[in-house]
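> The chain contents come next:
Number of protein chains: 2
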Amino acid sequence: MKRRGLSEKELIADLRKRFKPSDDSVILGIGDDAAVFRPGDMPLVVTKDMLVEGVHFLPDHPPHLLARKSLSVNLSDLAAMGARPRFALFGLGIPTDTENDWLERFFRSLSGIASEHDVTLLGGDITEAPSLIISLTLLGEGKDVIRRSGARPGDAVFVSGLLGEAAQGLELAKQGIMWGAAAGSDRFLKAFYDPVPQVALGCRLAGHKVPTAMIDISDGLSVDLGHICEESGVGAEVEAAGLPISPELRQSSPAAEEMALHGGEDYQLLFTVSPQVLENLTRIPLGHKITRIGSITEGEGMVLIKADGSRQPLVPKGYQHFRA
Amino acid sequence: MKRRGLSEKELIADLRKRFKPSDDSVILGIGDDAAVFRPGDMPLVVTKDMLVEGVHFLPDHPPHLLARKSLSVNLSDLAAMGARPRFALFGLGIPTDTENDWLERFFRSLSGIASEHDVTLLGGDITEAPSLIISLTLLGEGKDVIRRSGARPGDAVFVSGLLGEAAQGLELAKQGIMWGAAAGSDRFLKAFYDPVPQVALGCRLAGHKVPTAMIDISDGLSVDLGHICEESGVGAEVEAAGLPISPELRQSSPAAEEMALHGGEDYQLLFTVSPQVLENLTRIPLGHKITRIGSITEGEGMVLIKADGSRQPLVPKGYQHFRA
Numbered sequence: 012m013k014r015r016g017l018s019e020k021e022l023i024a025d026l027r028k029r030f031k032p033s034d035d036s037v038i039l040g041i042g043d044d045a046a047v048f049r050p051g052d053m054p055l056v057v058t059k060d061m062l063v064e065g066v067h068f069l070p071d072h073p074p075h076l077l078a079r080k081s082l083s084v085n086l087s088d089l090a091a092m093g094a095r096p097r098f099a100l101f102g103l104g105i106p107t108d109t110e111n112d113w114l115e116r117f118f119r120s121l122s123g124i125a126s127e128h129d130v131t132l133l134g135g136d137i138t139e140a141p142s143l144i145i146s147l148t149l150l151g152e153g154k155d156v157i158r159r160s161g162a163r164p165g166d167a168v169f170v171s172g173l174l175g176e177a178a179q180g181l182e183l184a185k186q187g188i189m190w191g192a193a194a195g196s197d198r199f200l201k202a203f204y205d206p207v208p209q210v211a212l213g214c215r216l217a218g219h220k221v222p223t224a225m226i227d228i229s230d231g232l233s234v235d236l237g238h239i240c241e242e243s244g245v246g247a248e249v250e251a252a253g254l255p256i257s258p259e260l261r262q263s264s265p266a267a268e269e270m271a272l273h274g275g276e277d278y279q280l281l282f283t284v285s286p287q288v289l290e291n292l293t294r295i296p297l298g299h300k301i302t303r304i305g306s307i308t309e310g311e312g313m314v315l316i317k318a319d320g321s322r323q324p325l326v327p328k329g330y331q332h333f334r335a
Numbered sequence: 012m013k014r015r016g017l018s019e020k021e022l023i024a025d026l027r028k029r030f031k032p033s034d035d036s037v038i039l040g041i042g043d044d045a046a047v048f049r050p051g052d053m054p055l056v057v058t059k060d061m062l063v064e065g066v067h068f069l070p071d072h073p074p075h076l077l078a079r080k081s082l083s084v085n086l087s088d089l090a091a092m093g094a095r096p097r098f099a100l101f102g103l104g105i106p107t108d109t110e111n112d113w114l115e116r117f118f119r120s121l122s123g124i125a126s127e128h129d130v131t132l133l134g135g136d137i138t139e140a141p142s143l144i145i146s147l148t149l150l151g152e153g154k155d156v157i158r159r160s161g162a163r164p165g166d167a168v169f170v171s172g173l174l175g176e177a178a179q180g181l182e183l184a185k186q187g188i189m190w191g192a193a194a195g196s197d198r199f200l201k202a203f204y205d206p207v208p209q210v211a212l213g214c215r216l217a218g219h220k221v222p223t224a225m226i227d228i229s230d231g232l233s234v235d236l237g238h239i240c241e242e243s244g245v246g247a248e249v250e251a252a253g254l255p256i257s258p259e260l261r262q263s264s265p266a267a268e269e270m271a272l273h274g275g276e277d278y279q280l281l282f283t284v285s286p287q288v289l290e291n292l293t294r295i296p297l298g299h300k301i302t303r304i305g306s307i308t309e310g311e312g313m314v315l316i317k318a319d320g321s322r323q324p325l326v327p328k329g330y331q332h333f334r335a
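Sequences listed follow chains A and B, in order. In this text, residue positions in the first sequence follow this note's numbering: the first is 12, and each later residue adds one. In this text, residue positions in the second sequence follow this note's numbering: the first is 12, and each later residue adds one.
These aren't lab readings, by the way, just hints derived from the structure by calculation. Predicted model, so just to flag it, every value in this text is computed and none were measured. Not one of these hints is a red herring.
Remember, identical chains collapse to one label, so a pair may be satisfied in a single copy or spanning two.
Computed cross-link-like contacts, BS3-like style, restricted to lysine-lysine with a CA-CA straight-line distance of at most 27 Å: (1) LYS20 <-> LYS328; (2) LYS28 <-> LYS328; (3) LYS300 <-> LYS201; (4) LYS220 <-> LYS154; (5) LYS317 <-> LYS300; (6) LYS300 <-> LYS220; (7) LYS154 <-> LYS300.
My request is simple: use the sequences and hints to build the entire structure.
Given below as structure tokens:
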């Protein structure tokens with residue numbers, strides 16, 4: 012494609028230099044018809060997620076954050092399998108008037124987050140598009156991957172980190188509040204714009220065979236727990252009092268519990284643990300906060316146990332994208 | 012995402028059924044956070060191409076042809092490496108008003124072309140988008156992949172099939188001529204809308220170690236031969252009289268030679284052959300028409316030798332997408 016400034020040739024030369032593979036298993040990186048790598052002995056785990064301007068982000072979303080988030084959401088998918096990320100390919104659709112500076116910042120940031128997670132960029136495709144589209148493919152390795160379908164009645168339900176932080180970040184972003192404008196809002200905006208995929212935790216959990224089922228919370232707890240229940244053919248009880256909600260979130264929003272239950276994009280891990288493993292869980296070094304929020308039950312459907320002990324159906328609410 | 016008719020759940024259930032893997036090496040297909048497969052002993056070859064509405068195709072492009080073409084362009088990339096396609100993942104951005112019937116036809120066709128090439132659909136991502144976007148990732152296996160960088164002075168330059176057919180198809184499509192409207196235009200429209208990736212030929216060429224360098228002709232002969240020259244640090248001579256142009260194309264367009272030289276989307280293979288291999292080339296069963304069109308030369312730059320013996324520089328012309 013033709014673009015202002017840098018030619019396609021210069022761009023590819025720049026990307027080749029930037030993403031020169033240091034990984035011995037890469038036989039051929041960016042610049043040919045396809046990339047080539049030597050797989051190891053382990054099964055390969057592969058995921059692909061697309062982010063679209065106007066749907067998943069606004070046009071003025073800073074490129075360095077977009078790059079991070081587009082890889083992070085895929086890293087989070089691998090984390091939810093307990094897999095170790097290895098290789099990525101990018102697909103980038105950009106308007107013809109995209110500035111070099113934008114691309115420079117995007118790829119510098121993509122390179123940064125790839126390095127942070129020992130991910131090698133193998134190649135990709137850059138093409139003209141009416142609005143910005145980022146489609147990443149991520150390949151990893153996993154010996155014993157954790158599926159969504161392994162939860163059994165009696166298992167405990169756990170979640171990593173804090174819930175609802177990103178939903179509050181989305182609220183603030185919708186109100187036009189900028190990152191850096193106020194200390195009190197930054198933690199939420201960071202959670203929304205630059206979520207941290209729980210890669211190390213996912214690998215540790217899988218390595219110690221802790222979870223019977225696992226998923227990452229991208230669409231919201233109610234939806235993603237619903238996926239585990241459906242795939243496993245079970246139900247679940249969630250205790251509202253047990254939800255890991257920060258004092259800051261409670262203070263910032265009267266909808267804190269709603270955000271923790273239904274807000275998307277937290278990219279924390281949601282997993283179930285058998286009673287046998289639960290007994291020894293405290294002896295396993297996970298290096299990360301996890302919180303028990305409920306239990307897996309027989310039959311179908313999910314129940315929310317309120318702080319006063321009353322029970323009500325927990326209905327999955329579809330996460331609304333940025334456009335909403 | 013929300014869509015008219017079929018819910019996301021129903022759609023995933025449908026895709027799971029449609030793309031149920033018959034391949035033993037697939038451990039986990041569609042429906043979890045990621046797909047899992049067991050790699051073989053061979054290096055893995057991976058490519059990713061994005062097709063965008065309004066850039067690569069018009070909004071009324073029939074879904075079954077779009078599905079075929081989106082996989083074909085990736086199959087062609089693997090063919091150009093001499094790799095055997097194995098697994099694909101799709102990324103699909105669709106407007107919210109996309110009909111079930113559209114999706115049904117798209118995925119039925121994708122399933123069809125995947126089967127034709129023994130490709131297993133491992134999974135993917137469907138999301139809302141302002142206009143249609145198709146991003147496919149294709150994984151294959153290749154023992155001795157053929158790069159763009161291996162051409163040496165004295166090598167012969169070959170091309171498979173016919174050139175310029177797709178460019179004429181694009182011309183007709185731009186003029187609003189429909190496929191099926193006239194027998195004389197159908198061959199060109201088919202070449203443009205439903206190109207045949209040269210997968211078997213690519214594998215045979217690589218298997219017999221025929222090419223020193225290989226690429227597929229997606230941007231046009233002049234551009235793609237330019238890539239081989241640049242990556243190999245060589246020049247090339249192309250003989251106009253040797254270009255495989257069909258009598259039908261010569262009859263249909265006064266620009267036949269121009270189309271053969273610069274028209275994109277033919278998805279034929281362009282490869283170079285050393286003098287030693289050239290001697291025995293006729294004894295190698297390739298099962299496909301190949302034509303010698305020129306030679307690799309020392310130094311830089313490409314030259315076109317006209318039918319009257321005169322020489323002129325062959326300047327790569329960027330292929331113009333559908334929007335042009």
